[in-house]
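Peer 1: Here's the letter readout for the chains.
2 protein chains.
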Amino acid sequence: MTQIVPVILCGGSGTRLWPRSRATQPKPFLPLIGEDTIFEATLARCASFAAPVVVTRAAHLSHVEAQLGGATGACIIVEPQARNTAAAIALAAMRLPGDAVMLVCPSDHHIGDPKAFAEVACKAAELASQGWLVSFGIEPTGPETGYGYLKRGEPLDHGGFRTAQFVEKPDLERATAFLAEGGYAWNGGIFAFSAATFLDELTAQAPGIAGPLREAVAKGREDGARFYPDASAFAGADSISVDYAVMEKTARAALVPARMVWSDIGSWESLHAARDKDDEGNAVNGRAELVDCRGVLVESDGPRVSVIGLEGVVVVVDGDEVLVTSMAGAQKVGKLGGAMNQ
Amino acid sequence: MTQIVPVILCGGSGTRLWPRSRATQPKPFLPLIGEDTIFEATLARCASFAAPVVVTRAAHLSHVEAQLGGATGACIIVEPQARNTAAAIALAAMRLPGDAVMLVCPSDHHIGDPKAFAEVACKAAELASQGWLVSFGIEPTGPETGYGYLKRGEPLDHGGFRTAQFVEKPDLERATAFLAEGGYAWNGGIFAFSAATFLDELTAQAPGIAGPLREAVAKGREDGARFYPDASAFAGADSISVDYAVMEKTARAALVPARMVWSDIGSWESLHAARDKDDEGNAVNGRAELVDCRGVLVESDGPRVSVIGLEGVVVVVDGDEVLVTSMAGAQKVGKLGGAMNQ
Chain A
1 MTQIVPVILC GGSGTRLWPR SRATQPKPFL PLIGEDTIFE ATLARCASFA APVVVTRAAH
61 LSHVEAQLGG ATGACIIVEP QARNTAAAIA LAAMRLPGDA VMLVCPSDHH IGDPKAFAEV
121 ACKAAELASQ GWLVSFGIEP TGPETGYGYL KRGEPLDHGG FRTAQFVEKP DLERATAFLA
181 EGGYAWNGGI FAFSAATFLD ELTAQAPGIA GPLREAVAKG REDGARFYPD ASAFAGADSI
241 SVDYAVMEKT ARAALVPARM VWSDIGSWES LHAARDKDDE GNAVNGRAEL VDCRGVLVES
301 DGPRVSVIGL EGVVVVVDGD EVLVTSMAGA QKVGKLGGAM NQ
Chain B
1 MTQIVPVILC GGSGTRLWPR SRATQPKPFL PLIGEDTIFE ATLARCASFA APVVVTRAAH
61 LSHVEAQLGG ATGACIIVEP QARNTAAAIA LAAMRLPGDA VMLVCPSDHH IGDPKAFAEV
121 ACKAAELASQ GWLVSFGIEP TGPETGYGYL KRGEPLDHGG FRTAQFVEKP DLERATAFLA
181 EGGYAWNGGI FAFSAATFLD ELTAQAPGIA GPLREAVAKG REDGARFYPD ASAFAGADSI
241 SVDYAVMEKT ARAALVPARM VWSDIGSWES LHAARDKDDE GNAVNGRAEL VDCRGVLVES
301 DGPRVSVIGL EGVVVVVDGD EVLVTSMAGA QKVGKLGGAM NQ
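Chains A and B are the protein sequences, given in the same order.
Sequential numbering from 1 applies to the first sequence in this note's numbering.
Sequential numbering from 1 applies to the second sequence in this note's numbering.
Errors might be hidden in some of the hints.
The list that follows gives simulated cross-link-like pairs (lysine-lysine, BS3-like), each with its CA atoms no further than 30 Å apart [stated by the list, open to error]:
{"no.": "1", "chain 1": "A", "residue 1": "115", "chain 2": "A", "residue 2": "277"}
{"no.": "2", "chain 1": "B", "residue 1": "332", "chain 2": "B", "residue 2": "169"}
{"no.": "3", "chain 1": "A", "residue 1": "335", "chain 2": "B", "residue 2": "335"}
{"no.": "4", "chain 1": "B", "residue 1": "249", "chain 2": "B", "residue 2": "169"}
{"no.": "5", "chain 1": "B", "residue 1": "277", "chain 2": "B", "residue 2": "115"}
{"no.": "6", "chain 1": "B", "residue 1": "151", "chain 2": "B", "residue 2": "219"}
{"no.": "7", "chain 1": "B", "residue 1": "277", "chain 2": "A", "residue 2": "332"}
{"no.": "8", "chain 1": "A", "residue 1": "249", "chain 2": "A", "residue 2": "123"}
{"no.": "9", "chain 1": "A", "residue 1": "249", "chain 2": "A", "residue 2": "277"}
{"no.": "10", "chain 1": "B", "residue 1": "332", "chain 2": "A", "residue 2": "277"}
{"no.": "11", "chain 1": "A", "residue 1": "169", "chain 2": "A", "residue 2": "335"}
{"no.": "12", "chain 1": "A", "residue 1": "277", "chain 2": "B", "residue 2": "335"}
Selected chain A positions facing chain B (in silico; Cβ < 7 Å) [unchecked claim]:
{"no.": "13", "residue": "61"}
{"no.": "14", "residue": "289"}
{"no.": "15", "residue": "290"}
{"no.": "16", "residue": "303"}
{"no.": "17", "residue": "305"}
{"no.": "18", "residue": "306"}
{"no.": "19", "residue": "325"}
{"no.": "20", "residue": "328"}
{"no.": "21", "residue": "329"}
I should point out that these hints are in silico values taken from the structure, not numbers from a laboratory.
What you are looking at is a predicted structure, and each value in this text was computed from that prediction instead of being measured.
Quick reminder that beta carbons are idealized off the backbone N, C-alpha and C, glycines included.
Given the sequences, and given the hints that come with them, work out the whole structure.
Peer 2: Printed below as a string of C-alpha cells:
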C-alpha cells in the first residue's frame, strides 16, 4: 500500500470571516464548526494516513504547534513569507521521499463526511501512484460562481477521470450550464500526487519556483520537528498558485469525484450553511436569545446577543468589534475598514 | 401672570429601550437625542418657568441631583416606592401653594420644538388659572395604537377646548377613523392645573389617594432640597394613573392643541424616528461603519459596529449586551430575558 502523507497548508490569513478571524488568529485555528478548530478537524480526518507535513508561517507557528496535539511525527515547514500554494507544496515535496503520495489539504475547509473524504483520498492515492496529478473533483451542489470548475475527460482506474479542462470561475449563466450539462466538478484545492511526479512537473512547468526552492531547502535548517527554508533563496521563488503553476499545464491531470459535504467556509453565509441549525434555520455559538428569527447566525465570544424579527442575518461579536450583515452582504466583510486594518 | 411650576416625573424604569436603558440607568438619564439627557432637555425647555419640582425615587436620586445642574431652587420629592402618576402629582401639589399652576411633564419624552412647547404651556396655564384641568392634546401624525386619544369638545379661551372624551388606546381601524374625522389628539401625559384645583378633584374622585398622601406629607421630613414623604402612610395610597384617578372623571377637563414634534421615545423605532438621520435614513451614535444600509439605527457604548446590506434594523451595544432587531420587533424588547432580569 502506498504511503499517503497529508500536507496541510496553513499559510492563509483571510479576512472573509472577520471579525472572528483576525490576522493574529485566522480561520483554521478557530472552532467555527463543532468543538474542534478547522485545523484540528483537518488533522483528525487525515489521522488514518502517515504523520502530516504542515506548511505554515512563523506568525501561525504557535497556533499550529498548540493544536497539533496527538499528531505524533508531524513535520512543520516554516515559510519565511507567504508565497502561494505552488511554493508551499513544493517545499513539502522536497522534504519527502519521491514515492510518497502527498495528500494536499487546505487547513481551512470543512468536510462534513470525513469517511467519504478518506475513501476518495485512497482512490486518488492509487491514481497518484500511477503518475497522475489528481484533483478532488467536488460534486457541485449549486451553480457557484466563486470556484473554478474541472471538466471530466476519459475514465481512468479507481473511478477517476482525466481532467479535460480547468475552467476559471464562471459567471452564473455558465455555471448553470455546467450543472445542466453534467460532468463538471468544483476545484476545491485538494490534491494527491507523488512527490517525485510533482517535482518533475514543477521543474518542467515552473522552473522559477523549482530552482529557488531547491536552494532554499538545501540551505535550510532543522530545529526539532521544524524545518526553516533559507529565507533569501525562498524570496526568489515565483508566487503563484499550484493550479496555474502545474495542474493546468500538466498532461497528467486527473480527478476523482468527491461527494463529502464540503465547504471552503469562504464567508459567513457559507459558515451558516455548514453549521448545524435548529428548525428555524438558526445557528448560535455563544450566549444568545432569538425571537421570531429565521436563518440567523449568531457568533459571540462573550456578550449576550438578543435578536428579534430578522431573517437571513449574521451577527458576530468579537472583542471590540460587532458585525451585523445580511447573508449576501457577508461577501463584503473583507472590504470593511475594520477587516482592512486588522 | 400666573406662576408656572414644572413638575417633572422621574419615577419610571422602562425596559423598552433595553439594553441601553437599564434599571440602574433608565431612559430619562441617557443622552439618547443630542448631547443632553432626556431629563436635562426636559429641564431646559421648562427653564423659563419657576424652579421645578422633581418627583423621583431613591434609586434615581443620584442621577437627578447630578443632572439638575443649574436648575437652582429645584425641589426633589423622593417617593418611597413607585406608586403611579396620580400619587406622584399629588405629592407635588401638596407641597406647592394652592394657586401655583403645575406644569406636569414626564421626564422621558422628546420635544423637538421647545418654543412651541413653551407657548402651549402658557395657554394651558391660563386655562388652569380659570380652574380647568388641562391636557396637552398632541396633534397626531399617524393612526398610532399605542396612545390614548382626547376628543375635542366646545371651544374655550386661549385656543383650548373642553375634553369631550378620553379614549383608551384604540385599534388601528378606530385610530384611522379618528384621524379621518379630525378633532382628536394624543394624550401624551402632559398636564397643567392649579395645585388647589387638582387636590379638590383628587379628594372628590380619588379619596384612596388623597387621604394617605396628606398623612404622608404631614409626617414627611425635609433634607435640604429633598422632601421624603412618610413611607408607611405613602404605602397606603392607591397606585393608579392620573388619567384614571382624576382626568377622566372631572367635569373640568380641557385640552390645548399641541404641535411640537413630540415623541415618547417608547421604542427603538420611535427613537430612530426622532433622531437626526443621514440621506439614507441611518442614525448612528458611537463608532460604526454602514455599507448598503437604509433606515438603520446604531447605538454603541464602545465597540465598533459594522453593518452591511440591511434596512430598518436596530443595533444596540451596551456593556455585555448586544441587541439586533427589526424596527417592528423593537416592540418586544421589554419581553427579552435580558430586559426582564436586568
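Peer 1: Confirm or reject each hint.
Peer 2: We went through each hint and held it up to the structure:
1. The straight-line distance between the Cα atoms of residue 115 of chain A and residue 277 of chain A is roughly 22 Å, inside the 30 Å bound, and the hint therefore holds.
2. Restraint check for residue 332 of chain B and residue 169 of chain B: satisfied, since their Cα atoms lie roughly 18 Å apart, inside the 30 Å limit.
3. Straight-line distance between C-alpha atoms of residue 335 of chain A and residue 335 of chain B comes to about 36 Å, which puts the hinted pair past the 30 Å bound.
4. Straight-line distance between C-alpha atoms of residue 249 of chain B and residue 169 of chain B comes to about 17 Å, which keeps the hinted pair within the 30 Å bound.
5. For the hint linking residue 277 of chain B to residue 115 of chain B, the alpha-carbon distance of about 22 Å falls within 30 Å, and the restraint holds.
6. Simply put, residue 151 of chain B and residue 219 of chain B have alpha-carbon atoms about 40 Å apart, too far for the 30 Å limit, and the pair is violated.
7. A distance of roughly 24 Å separates the Cα atoms of residue 277 of chain B and residue 332 of chain A; the hinted pair therefore holds under the 30 Å criterion.
8. Taking the CA atoms of residue 249 of chain A and residue 123 of chain A, the gap is near 23 Å; set against the 30 Å cutoff, the hint holds.
9. At most 30 Å may separate the alpha-carbon atoms for a hinted pair to count; residue 249 of chain A and residue 277 of chain A exceed this at roughly 42 Å.
10. With a C-alpha separation of about 24 Å, the suggested pair residue 332 of chain B and residue 277 of chain A falls inside the 30 Å cut-off, and the hint holds.
11. Between the alpha carbons of residue 169 of chain A and residue 335 of chain A the distance comes to roughly 20 Å, so the proposed pair stays at or under 30 Å and holds.
12. Our distance criterion of 30 Å between C-alpha atoms is met by residue 277 of chain A and residue 335 of chain B, whose separation comes to about 24 Å.
13. Interface hint status for residue 61 of chain A: violated, as the beta-carbon distance to the closest one in chain B is roughly 29 Å, over 7 Å.
14. With its C-beta approaching chain B no nearer than about 5 Å, residue 289 of chain A sits inside the 7 Å limit, and its interface hint holds.
15. With a cut of 7 Å, the hint placing residue 290 of chain A at the interface with chain B is violated, because the nearest CB-to-CB distance is about 10 Å.
16. Hint on residue 303 of chain A holds. Least Cβ distance to chain B is approximately 5 Å, under the 7 Å limit.
17. The beta carbon of residue 305 of chain A comes within 5 Å of a beta carbon in chain B, closer than 7 Å, and the hint placing it at the interface holds.
18. At its closest, the beta carbon of residue 306 of chain A sits 5 Å from a beta carbon of chain B; the interface hint therefore holds under the 7 Å criterion.
19. Using the Cβ-Cβ criterion of 7 Å, the hint placing residue 325 of chain A at the interface with chain B is satisfied: the shortest such distance is roughly 4 Å.
20. Interface restraint check: residue 328 of chain A against chain B, minimum CB-CB distance 6 Å, threshold 7 Å, status holds.
21. Taking 7 Å as the C-beta cut-off, the interface hint given for residue 329 of chain A holds, the closest approach to chain B being about 3 Å.
Violated hints for the displayed structure, listed by number in ascending order: 3, 6, 9, 13, 15.
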